[in-house]
Structure formats: structure tokens, C-alpha cells
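Going down the list, the sequences are from chains P and R. If you read the first sequence in my numbering, its first letter stands for residue 25, the second for the next number, and so on. If you read the second sequence in my numbering, its first letter stands for residue 54, the second for the next number, and so on.
Just so you know, the hints here were simulated from the structure itself, not pulled from any lab data. Take these hints with a grain of salt, some might be off.
Claimed, not checked - Derived pair list, reagent style EDC-like, types lysine to aspartate or glutamate, alpha-carbon separation capped at 16 angstroms:
#, chain 1, residue 1, chain 2, residue 2
1, P, Lys207, P, Asp58
2, P, Lys111, P, Asp217
3, P, Lys109, P, Asp28
4, R, Lys242, R, Glu109
5, P, Lys297, R, Asp214
6, P, Lys135, R, Asp371
7, P, Lys218, P, Asp28
8, P, Lys297, R, Glu218
9, R, Lys104, R, Asp371
10, P, Lys206, P, Asp58
11, P, Lys111, R, Asp371
12, P, Lys207, P, Asp217
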Amino acid sequence: MIFDTIISVLISTVSVTTPILLAATGGMYTQTVDELNIGLEGLMLISSFFSIYIFSISGSVLTGVITGIAISVLMSLSMILFRIKLKANIFILGLATNLLAAGLVSFFGVKLLGSKGTVIFGDLSKTTFLLYPLRNQLDFADSFFGNISIFDFMAFAAVGISQYIIFHTSTGIRMRAVGLSKKTAVSVGINTDKNKIMAYMFCGIFCGISGAALSIPVNSFAAGMTNGRGWIALVAVILGRNNPVGIMFAALIFGFSSSLSNILQTGTEISPKILMIIPFMVTLFALIFSSISKNKGKGV
Amino acid sequence: MNMKRIDILVRKIFRISEYLIPFVISILIGITIMAFTSGNFVESLDAFFLKPFLNEYFIGNMLSGSIPLILTGLAAATAFSSSVFNLGIEGQVYSGAFVSTLIALMLPDQNRWLVWILALFSAFVFGGFIGGISGFLKNRFKVNELISSLLISYSITLFIDYLLENPFLDAGSGLISTATFEDSYMFPKILTPSNLHCGFIIALIVVLIVYVVMKKSTFGFSVNLMGKNTCFSEYAGINTRKLTMTVMVLSGGIAASAGMIDVFGVQGRVIRGFSSGYGWNGIAIALIARNNPLLVIPAALFFSYLDAGAATGALFSDLTPEISRIVQASIFYFITASFYFKFDRKDMKI
Chain P
25 MIFDTIISVL ISTVSVTTPI LLAATGGMYT QTVDELNIGL EGLMLISSFF
75 SIYIFSISGS VLTGVITGIA ISVLMSLSMI LFRIKLKANI FILGLATNLL
125 AAGLVSFFGV KLLGSKGTVI FGDLSKTTFL LYPLRNQLDF ADSFFGNISI
175 FDFMAFAAVG ISQYIIFHTS TGIRMRAVGL SKKTAVSVGI NTDKNKIMAY
225 MFCGIFCGIS GAALSIPVNS FAAGMTNGRG WIALVAVILG RNNPVGIMFA
275 ALIFGFSSSL SNILQTGTEI SPKILMIIPF MVTLFALIFS SISKNKGKGV
Chain R
54 MNMKRIDILV RKIFRISEYL IPFVISILIG ITIMAFTSGN FVESLDAFFL
104 KPFLNEYFIG NMLSGSIPLI LTGLAAATAF SSSVFNLGIE GQVYSGAFVS
154 TLIALMLPDQ NRWLVWILAL FSAFVFGGFI GGISGFLKNR FKVNELISSL
204 LISYSITLFI DYLLENPFLD AGSGLISTAT FEDSYMFPKI LTPSNLHCGF
254 IIALIVVLIV YVVMKKSTFG FSVNLMGKNT CFSEYAGINT RKLTMTVMVL
304 SGGIAASAGM IDVFGVQGRV IRGFSSGYGW NGIAIALIAR NNPLLVIPAA
354 LFFSYLDAGA ATGALFSDLT PEISRIVQAS IFYFITASFY FKFDRKDMKI
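Please construct the entire structure, taking both the sequences and the accompanying hints into account.
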């Protein structure tokens, strides 16, 4: 019994963490070049809409995900081009992206699906095999690995890939140089604009996958689908201090406290609204403790 | 001499037109979308752009819609002009509305002025307290106030949702809301039957006060200096920690009073989620107004106009209301973009 509970906490931790981790990994690239993208929420939302919509038309998960990624990359790139070419403020562009995505999603929701609310696209059974690759192998159906979706694998793979890109490739080193000191980077011949565009491209890709990871596994879409996850991802970027592994732990802290709150909602009499506060408070305290440890010995 | 004068004039025109370009482009985007999606293009243009001015009712509602936006815009502008980022306005508005409603419900049959002052005061103090927490965390632990205010805002919103659903639920109303306080406590209406109320005048007065403080006082000077360069202002002997705290409290307080004024002007009770979007739009308005308290008023009116256009557009034609959100969003894309980047911009730094 206790074992089952632990397994279900683990499964729900991973599934809550996945979209946040993916978006946060994307955000980390933009933070690395010192142009933090606060439009993660918008990129996730637009991708979650288009990936599920194209998936429902084409019947192919891959086509859906790729469309979601493409649109997210397009929006992400348009942000950084506005930043570079027209010197717009990146913070405001982020807010604009969030607003535009919300507007576009409800606009297309009405035009394409005829609904502003929740849309359910039909039964899940056809895609289960694709989404949970280990489910039918070796009696994994009820165990931990049977419930790990392809997106969960991608999220944790993204951490590994990003760790490699940021710390072990020349691209990553250039990006970090741009973020640390623009002038120094320019003086050694690094094209800062190119690196910023690259960072925003990565951001678009990961936010695109993150959006698809929200809508495709549940085969439905709601206008409030992202529900603040983009902002939590931003918190994870800051908590993780530009380090993919750090970001993974930050996202896992939020995921774990969310899944605890989910479990308590079914097991106890405490109001769900009160329990939903837990992950935000846990994240806030994690932020405080992280800041304390960071500033230790600096005379703060 | 004459040439110089012409040069200044040309620059001024460039400056103004640079400011207007985002609005023109985004409205053109809106019109393009209408052209593609609407069955009757002329009718929908008329419904969106002109019908908000059709009669006193629509004009009144448009002005009424701008009241919370003016105040949340002001709250954001106050914080942003000192480079302190308060993203918790959403939760501060909600809590201000809740606290002031509680005051009104606890004090039946009192002098209305007493209730108004008490409600406004307690909303301001509570909102200021919430903002102050982020200021404290920033000063004491160097926690990014952008993130902490956001997390606190999410938590507060959930907590008030809980209070509305359980202990303070008025079961008879059919909505998830508190009980309605007595009618005599409501702000007097202007332009009935529209929603416009005296809170509009209060909002304008608050804007004026903040403007004078920001432009004419030493406090305002140090706030702006800190916004431009924190290191330098520390060098100049300004206590930036104290200032950060003051600005967060002020911003939170103004945001909370937006909630109080909206409740006392329109609903007379707190309905769950009524203030959703006020905070984000306020931030947007502050950015459009470039943190100038006076410019917050036209920016808020413009926002409210687009919302009103969306409503009348849906009422009188086949437009979907989301068009206004797309127009609003495209304004942001262009608002800080500079279109004369070859022009000498030394005097145009934002």
C-alpha cells in the first residue's frame, strides 16, 4: 500500500515536472545570453494549442509536435528579432508574447474549434502506445516506468543535452561569454546577435515540446492550459542559476510539492485551494534558502 | 538660429510620430484580421471603432472599465520607474477588494464616509503589506522581487478563492462570492444606467498626487534616479534598500485600492476571479505610458476603448471579442521598438 503511494507520488511528480522542466530549459538558454525570456508561458500555450489541433487533424503525434515547435520557434525568433533589429525591450516583448498567445489561442479556438473553453479531442487509446513506450513491455503497465511518457523522457534528455551544449560545445561557451560580458565577447570576435538568435531558437524548441507535453497526453485543450507553468519555469531558471541540472532539481521541487498536494487533495478533508498553495510556498522558500546560500560569505 | 529651431521641431515631430506608430500598426493589424474574419467588413469596423461612443451607456461603461486599469497601471508605473518589478499586482488587487468588503460587511449602518475611508485605508495597508513582503525578501535575502511577488500573488489569490468558497460564501447568490454589502455604501453613480461611478474621480486624483510626488519631490527624484542607475544612486547617498521597500509598499497599496474602488463602485461584493487580468493589463499600461503617471490615464482609456470595442463588436456584428486582445498584444510588440534607429537617439533614451 505504502509502496503504491510512493509509486503514484513519483509518477505524478514526473508528470508535473515535465512541462515545467522543458520550458525552464528553454528559458535557461535565454538567461545564458542575458536576455531572459519571460514569454515562456505564451510560447507553451500557443504550442499546446497547435500541436493538439494538428495532431487531431493529421492523426500523427509527430506532425502535431513539430507544428507546435515550429510555431513556438517562430514566435520566439520574432521576439529576438524585434529586440535586435528594433531595439525593443525584451521584458515587454515577453509580456506581449504572453498576451498575444492568449489572444491568438482564444481567437483560433473560436474559429477552428468553435469553443473558448475546454475541447476534448476524443479517446486516448490510439495514442497510448506511442506516448507510453514502455507500457506494454515486460508487464510494466502499472509500474513507474509504464507511466513515463515520451515527453518525460524528452524532458530529462533535454537536461543532459543542454548540459552538454552549454558546457562542452563552442556554441555554449560563446553563449555564456555573451551573457557574462557583451563587450568582451564582441572584442574577441563573437557575433552576439547570432548567439542570441540561437538561444531563442533553443528556447522556442523546448517551449514547443513543453506545450505539446501539456495537451497531447490528455488529448484536450483548455484556454488556461498553461495555468502559470511558464512563470514557475521562470522561477526554476532563476533557482537553477543557469545550470541545467540545477534547473532540473528546481523543477522537481515544484513537481514533488505539487504531487504531494494532489495526493493530499484526495486523501484528506483539507480544502484543495489551500493545498494548491503548497507548491508556490515551497518554491518561495526554496528561492529564499537558495539566495541565502548564494550570498553566504559575501557580507550580506 | 532659425535652422536650429526647425531642427528641434522636426525632432519633436519624429518623437511624437515614433510614439504613435505602434498604435497605428496594431490597429491596422486589427483591421486586417477583421477584414479576413468578418462577413460584413464595414459593419464590423463601425461596430468595433464607433459603437463604443454610441450613447451614454457605452461611454460610461468604457470609462468605468478604465478605473481599475488606471490604478493598477499607476501601481506598476510607480514600481517600474524605480526598476523594482512588482508582478504581484493581480493578487494585491484581489486582496484589497476582499479586505475592504469585509470592512463594509462588518460595519453595517454606519456613516458611509467612515466606511469608505476605513475600507480604503485597510485595503491600502494590506496591499502595501503584501508588496512589503517582497521588498523585505529583496533587502534581507536578495530574493528577486519579480519572482517573489509573483509567487506570493498566486498564493494569495488561491487563499482568497478558498475564503470565498468556504467561510465567506454567500450561498443564496448563485455565484461564488461574498455577501453584498448595503447599497448606501456604494459610490454614487455618474451617467446612469452605465456602471460609471465616482471612483473615476478618485482614480484621477490619485494619479495627480503620484504625478506631483514623482516629478516635484525629493522622494520622486530619488525614485527616478534609482530607476535609471541603482549603483549611482547608492553612490549619491540614497538608501536604496529603504526606497525599494517604500516603492513596493506604495505599489502594493495603490493596487489594493484599485480592488477596493472597483468593488465599491460596481459589484458591492467580491466575486471569485473578478479581478483576473487587472494586474497584467496594469503592467502593460504602465509600459505603454513609459512609467509616466499622467500618461497612464490615456493608456488605460485606450485599453478600455479596445475592450469596449470588442464588446460592441461582438454585440453588433460577427466579430469575436479576442480581436481586441490581439490588437493590445501587437501594441506591446511595437511600443518599445524604435523605428528611427538611424536618427540621433541620444536625447531619446527611455
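Verification of the hints:
A C-alpha spacing of about 13 angstroms is found between lysine 207 of chain P and aspartate 58 of chain P, which places the hinted pair at or below 16 angstroms, so the restraint holds. At most 16 angstroms may separate the alpha-carbon atoms for a hinted pair to count; lysine 111 of chain P and aspartate 217 of chain P meet this at roughly 12 angstroms. Between lysine 109 of chain P and aspartate 28 of chain P, the direct Cα distance comes to roughly 55 angstroms. Violation of the 16 angstroms bound is thereby established for this hinted pair. Restraint check for lysine 242 of chain R and glutamate 109 of chain R: the C-alpha separation of about 13 angstroms stays at or below 16 angstroms, so the hint holds.
Restraint check for lysine 297 of chain P and aspartate 214 of chain R: satisfied, since their Cα atoms lie roughly 7 angstroms apart, inside the 16 angstroms limit. Note on lysine 135 of chain P and aspartate 371 of chain R: the hinted pairing holds, with a Cα-Cα distance of about 12 angstroms set against a maximum of 16 angstroms. The straight-line distance between the Cα atoms of lysine 218 of chain P and aspartate 28 of chain P is roughly 50 angstroms, outside the 16 angstroms bound, and the hint therefore fails. Simply put, lysine 297 of chain P and glutamate 218 of chain R have alpha-carbon atoms about 9 angstroms apart, close enough for the 16 angstroms limit, and the pair holds.
For the suggested pair lysine 104 of chain R and aspartate 371 of chain R, the alpha carbons sit about 14 angstroms apart, so the restraint of at most 16 angstroms is met. Between lysine 206 of chain P and aspartate 58 of chain P the CA atoms are separated by roughly 9 angstroms; this keeps the pair inside 16 angstroms, and the hint holds. Between the alpha carbons of lysine 111 of chain P and aspartate 371 of chain R the distance comes to roughly 37 angstroms, so the proposed pair goes past 16 angstroms and is violated. For a cut-off of 16 angstroms, the pair hint linking lysine 207 of chain P to aspartate 217 of chain P stands: about 13 angstroms separates their Cα positions.
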